[in-house]
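*Asks:* If you want the building blocks of each chain, they are given just below.
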Amino acid sequence: MNTVPLALLVGLTAPLASEKIDFSREVLPILSENCFHCHGPDARSRKAGLRLDTKEGAFRVRRGRSILVPGKSGQSELIRRIVSHDESEQMPPPDSNRKLTPKQIDILAKWVDQGAVWSQHWAFVPLPAQVPIPAVKQSSWPRGTIDRFILARLEQHGLAPSPEADRATWLRRVTLDLTGLPPTLAELDAFLNDRSPEAYETVVDRLLASPRFGERLASDWLDLARYADTHGYQHDRYRAMWPYRDWVIRAFNRNQPFDEFLTWQLAGDLLPNATKEQRLATAFNRLHMQNEEGGIVEEEFRVAYVVDRVNTMGTAFLGLTLECSRCHDHKYDPISMKDFYGLFAFFQNIDEAGQTPYFTPAMAVPTLLLSTEAQDAELARLARKIADKEAELRRLRDDAATKSAYEGWLARGSGAKEIPGLVGAFSFEDWKNNQIGNSANAKQPGRTHDSPRPIPGKVGQAGELSGENGFEFPGIGHFSRSDPFTLALWVKPPKHVPRAVVVHHSKAPVDAGSRGYELLLEDGRVAFGLHHMWPGNSLKVRTRQPLTTNAWTHVTATYDGSSRASGVRLFLDGKAVEVDVIRDGLWKDITYFDSGGEPNLTIGYRFRDVGFKGGAVDEFHVYSRQLTEVEAARLAGAEEPEQGLFELFFATEYEPARQLVTELQRLRAEQNRLINPIPEIMVMQELPQPKPAHVLKRGAYDALGESVTMATPAALPPFPQGVPRNRLGLAHWLTQPDHPLTARVTVNRFWQQMFGTGLVETSDNFGATGSPPTHPELLDWLARDFLEQGWNVKRLLKQLALSATYRQSAKVTPELLAKDPFNHLLTRGPARRLTAEMLRDQALFVSGLLVEKQGGPSVYPYQPAGLWNEAMGRPHYPQSKGADLYRRSLYTFWKRTVPHPQMTTFDAADRSVCSARRLTTSTPLQALALLNDPQLVEAARFLGQRLLTEGGATTAERVAWAFCLVTGRKATAKEVEVLVQLFDEQKAEFDREATSAEKLLTVGASRSHRVKQPTELAAAASVALAILNHDGAVYRR
Amino acid sequence: MSILSRSQTHPFSTSGDLSPIINRRLFLRSAGLSLGSLALSHLLHADQPRGTPGVLAKPHHPPKAKRIIYLFMAGGPSQLDLFDHKPLLNKMNGQDLPDSVRKGQRLTGMSAFQAQLPLAGSIFKFSRHGQCGATVSELLPHTAKMVDDLCFVKSCYTEAINHDPAITFVQTGSQLAGRPSMGAWLSYGLGSLNENLPAFVVLISKDRTEQGLYSRLWGNGFLPSTHQGVQFRSDKDAVLYLANPEGVSRSSRRKLLDRLGELNRLQAEQEGDPEILSRVEQYEMAYRMQTSVPEVMDLSKEPESVYELYGSEAKKPGTFAANCLLARRLAQRNVRFIQLYHPGWDHHGGLPSGIRRQASDVDRACYGLIQDLKRTGLLDDTLVVWGGEFGRTNYSQGKLTATDYGRDHHPRCFTMWFAGGGFRPGLTYGSTDDFGYNITAHPVHVHDLQATILHQLGIDHEKLTYKFQGRYYRLTDVHGEVVRPVLA
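First to last, the sequence lines map onto chains A and B.
Residues are numbered in the working numbering as their position in the first sequence, beginning at 1, plus a constant of 3.
No gaps in the numbering here: position 212 of the second sequence is 198 in the working numbering, and each next residue is one more.
These are calculated hints, taken from the structure and not from any lab test.
Note that the coordinates shown come from a computational prediction; the quantities given were computed from them, not determined experimentally.
Note that CB positions come from ideal geometry on N, CA and C, so glycine has one too.
Take the hints with a grain of salt, since some may be wrong.
[As the list claims (entries may be wrong)] DSS-like mimics (lysine-lysine), calculated; alpha carbons at most 30 Å apart, straight line: (1) Lys102/A / Lys111/B; (2) Lys192/B / Lys884/A; (3) Lys435/A / Lys385/B; (4) Lys301/B / Lys287/B; (5) Lys341/A / Lys453/B; (6) Lys1015/A / Lys241/B; (7) Lys822/A / Lys111/B; (8) Lys385/B / Lys498/A; (9) Lys822/A / Lys801/A; (10) Lys111/B / Lys385/B; (11) Lys102/A / Lys241/B; (12) Lys385/B / Lys106/A; (13) Lys279/A / Lys420/A; (14) Lys388/A / Lys341/A.
[Claimed, not checked] Part of the chain B face toward chain A, derived, beta carbon under 7 Å: (15) Ile109; (16) Phe110; (17) Asp150; (18) Tyr200; (19) Pro210; (20) Ser211; (21) Asp221; (22) Tyr227; (23) Leu228; (24) Arg245; (25) Gln268; (26) Gly340.
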């Protein structure tokens, strides 16, 4: 039913009858489209064991029948089957939903008759070192090499290029294409008056040097990068990713070589001595959606994120639909599942979580601190001071004076004293009316939650737990990461389970990123953790030995306030034990400083977690200092190690040391206060050890198949020697000079930027089912040239902008429409509708409202009230005030669940996933938006005001001035006449209803100048609105 | 037919009619050329009130329904408290869900860590109703009155266990964002039957936003944005930017459009691009929508007898009841796909009081809608679908008490109902085990539901496809079977 458009394309670009059929461009697309589904690379769905995607398969001879007999279509089984009318033999089978057109059959037959020359799919053929430049007859037309390729093709088809567009048209075209804004009248005048031979080049150089250039290119790049300002799921919360957007703008503006641009984004963190900016660029890999929905299976989404990274890399740099090989071998392209997961292995080696927290605004780890230079300096200063203080403390330990003081103390008798720093002591003896007495502070008792059971304990009475009940200790233990503290208690586990929460000070595990501190039993091993955001901003250690089940063990966990794993010690029955460091990367606070208050210190259970089911606890103590070994032993009733006495003295009795510890803690707290409010951006940060990778059967997160390691697809060039096997190596692989895809895909997209359509129309798919290039040699030449010139983007765009091809008029005649309906042969200049961003930006620009501030947090221009009301949590749309209402649309806040209607109405990309091209549609909703959106109406008001004040003396002069300002060309006499009529009619309408003009003049936040005649201004605004809706404004031709 | 036949149509002709085949091809091309030319034929001239053709020249087989009203109960209504009566759960109330029933089925992280999974019998009374004897709980007394018009499927199941992927799955056939919604597929395949209204209209209950909805749920995905669902709001502007700016009268707008049209026609003569004229037509449709949309949204002329059907809630703009009445009005005007959302069914805790509120929101309104469709003869060729994105667990999430419990997400079974559109009225299809946990007969996967719904509109779900990035996509991915036994 669905006619395949490919037939049209092949028809269009097919050479003349006498010419040789090109296998890669003409035959392979037909085979892949119609045959590969059952006879392609995917072994599992292959029918009759026949594959037509390899030469070997296609030339198979079986039972005396040859699929292909070179030179003899009549004897070729393939041809026989495709022309057969016998339903049992016919190919593709009648029920396959596929059918060859007579033209396609003709091409295949001709190709066989011409010798059935087999070759690779064009896009996998290595980029040739040199591309011959074709000869042309009309040698005066080409202005550069590009034009020779275009013209040669036209001449083959007996066609001629269109005449050159007039200067004004070209100026508007190139200005919009390179900066996203139209030219000013002054720029138009200057260009029209510049009769020098370099006039065009002068314009292009000016545009490429404009800071608007980076903004224009970033608009397109952000579609590929699936940039948005929110996470995309559920509450769809804010993420501060805009510094990445600003980096993209800067990178384009400074003309960063594209290979470097690519490398920084894929692997900036892996560059030697990576700078902050290089690490920032890796945010590219983290712009996928992030789920915060409570109860999701984390691994399911972690896998989804990694898959998204692979797909994005595939579309953006390889132009391949890698995602097809997630669940099975690719049906059309030589990409196996193993290839897919080999790439997957590159992109998963970061310490991330599958769910973003609900209870805290912490950014999904790993992150980069978005500190200012001043903050960086201050942080560095504090780090030095802390290091100095720590060194001082170490020196003091070995100081002779210390030694002698210690000896004096020993001599005076070091007998057991009360352990200082006690803030909570709960023996569970004083347990009445759900209240648990605190012998350290009677005013802060604990309480029970959901009826834990009193049982005989280690000492007197203890509490037994169900897994969902326990004890809470309000007001106690709100420690920060810079506070030393100690937890101690007796525990009795019933059996070993993977996870049991014993003590914690947090709101939830996953739903809070485990923010806080916790003491868990993991398969019986004591694990103690301090977390800002698990796992990337966390500290966690675990004992090597499990506890004995059904017996009491005394557990003490001490922490020194250093935010280092080495600052944690675990004691079992009073003895320090060996621990494994699970995480050692805590650098922000463990308190809920940014999220509405501290939780209660709790024993036994936690929100959406596994409690201490069947366990018992006794004698719970909390200290606001790091206890020493002697003290831990004392609490456990164990023998106090004599060698620990110095530590005890140093920590509790020696004033100089206590003073240093206090100073150290003050410095750490200061550092903590400084760093906590600084926002973070999600970036890549490679783990020291890669995570194990597997093929995931059917693409399912929990169906692990064969093990894989980081590898590039087998059908593409081999991984280069001498580069690391990680994302940096992958970037090297992508940018090696004969890679068949990267440069082709890239130049094609820049071509698309200038011409509306790529030489390969499917700029997102260079695979077998994508469109073949309309000008394959030109594509190769451009790619090779681009590479040789150092991946120079501005130079490439300049070549395109100055080409005779680009300078053609876009006017269409019936003859052109007949011969080249889709302009694949470039018989004329490219015409297209302005993008969503350009339409709004142009209106702001011509009205004088545009505020050209570059970069910064996204802004909230007008949008209809209530749009965010359907979003979860009914967030308020914080509409901007003043200048931020008038920024370029690139800076408009992109909320994924409710994108700005200006964007969705005008075909902006979805930004859920990577997108390489936008469709262009024409709908009545667009008409409504361009006529009634307050942003446009306000712009029309101000354009109307300009028209009256700057446009000249008469109505005719004024409307003509505004028309030229917006459309970049002079209005014809007839057009002026219509515009004048429009003005007069509108004025009459406003004159008829006295208040109507004033009403119109209040639309929008900016006030008009005081005017004597509001009806005149309103009429001028209406004329301006009409002009902004005119084809000459909405299209660039 | 060759593309070159396009030359047979003069590009400057004001009618702008290209042959339907060319239109479909342009449409399919999907990039490189704007789709306005398609819209040319898409748009119906006032004097030619026919429909906008879809990509299918004609349906694959004779359709039983022309349009759909989809009543989406977002959040996942508890089948165990509404339709799927399980006395065993009351008998075993408070006992742990046996592993033999759970069979290792994954749970969400919300209840997976519970020390206990206590079975929770519904506290609501169930009885059999109508000639067909369908089971409905006391929560839905009005629904109970019309069971003989409904077809219940108690054996629906899905793959997703969380809201976002699950709703996305029901709406687009994929758990991942980015695919077209069912309404967009129908607009694409069958086109519109009304020249003044969009083919795919979305109505959302106001003030029920516990569970968020996202515009991508009614998005066009990779299809042209022409097929996007258009949300009609109960606010001042029913459609975004519908009203003229303050101070601009209809007559002054008319004059502006006349002059703008004149200018654009001059431009078309210069540039020769038929796209320009297609845009002029879009402006005309926009102008018509400025009256047709307020007209359909204006319930003031509905007689009191109608409100007796839907209940007085229908007088409050933005309620589910008002949206049901609007749905009937849109159906009368031949809108192809009318998507209602009523969120608020996500009862993890406090289910009894939560579901009472929800049930009273929808019960009378659904009844009114079905009666109204019957009364107006529309039920014959309108398919009404009622259901959520998954079911709820038979055990309590959180504490189970004599009067209170919660239920977590349960993808393994849930109940939906269908009315009209060739579904068998009075049928109850499929069944679950006595625990209400697993399906025991006739499982119906989400893709099967989608295949069946498309089937009733005359579409072979395997044949309505769109090529994107080299692959033919369809609503049902590579799955789905038409559930023939539920069809009359």
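*Asks:* All the hints need checking, so say for each whether the structure fits it.
*Replies:* Now for the hints, and whether the structure bears them out:
1. Lys102/A / Lys111/B: 57 Å, violated
2. Lys192/B / Lys884/A: With Cα atoms ~28 Å apart, Lys192/B and Lys884/A stay inside 30 Å; holds.
3. Lys435/A / Lys385/B: Holds, at about 24 Å.
4. Lys301/B / Lys287/B: 11 Å, holds
5. Lys341/A / Lys453/B: 25 Å, holds
6. Lys1015/A / Lys241/B: 25 Å, holds
7. Lys822/A / Lys111/B: 73 Å, violated
8. Lys385/B / Lys498/A: Holds, at roughly 25 Å.
9. Lys822/A / Lys801/A: 29 Å, holds
10. Lys111/B / Lys385/B: Distance of about 21 Å is within 30 Å: holds.
11. Lys102/A / Lys241/B: It is violated: about 51 Å lies between the C-alpha atoms, which goes past 30 Å.
12. Lys385/B / Lys106/A: Violated, at about 70 Å.
13. Lys279/A / Lys420/A: 51 Å, violated
14. Lys388/A / Lys341/A: 51 Å, violated
15. Ile109: 22 Å, violated
16. Phe110: 25 Å, violated
17. Asp150: Since the shortest Cβ distance to chain A is 5 Å, the answer is holds.
18. Tyr200: With a minimum Cβ separation of about 4 Å from chain A (threshold 7 Å), the hint on Tyr200/B holds.
19. Pro210: This interface hint holds because 5 Å falls under the 7 Å limit.
20. Ser211: Interface hint status for Ser211/B: holds (5 Å vs cutoff 7 Å).
21. Asp221: Holds, about 5 Å.
22. Tyr227: 4 Å, holds
23. Leu228: Holds: closest Cβ of chain A sits about 6 Å from Leu228/B, inside 7 Å.
24. Arg245: For Arg245/B, the interface hint holds, since the closest Cβ of chain A sits about 4 Å away, which is under 7 Å.
25. Gln268: 5 Å, holds
26. Gly340: 17 Å, violated
In this structure, the earlier hints numbered 1, 7, 11, 12, 13, 14, 15, 16 and 26 are contradicted, and the remaining ones agree with it.
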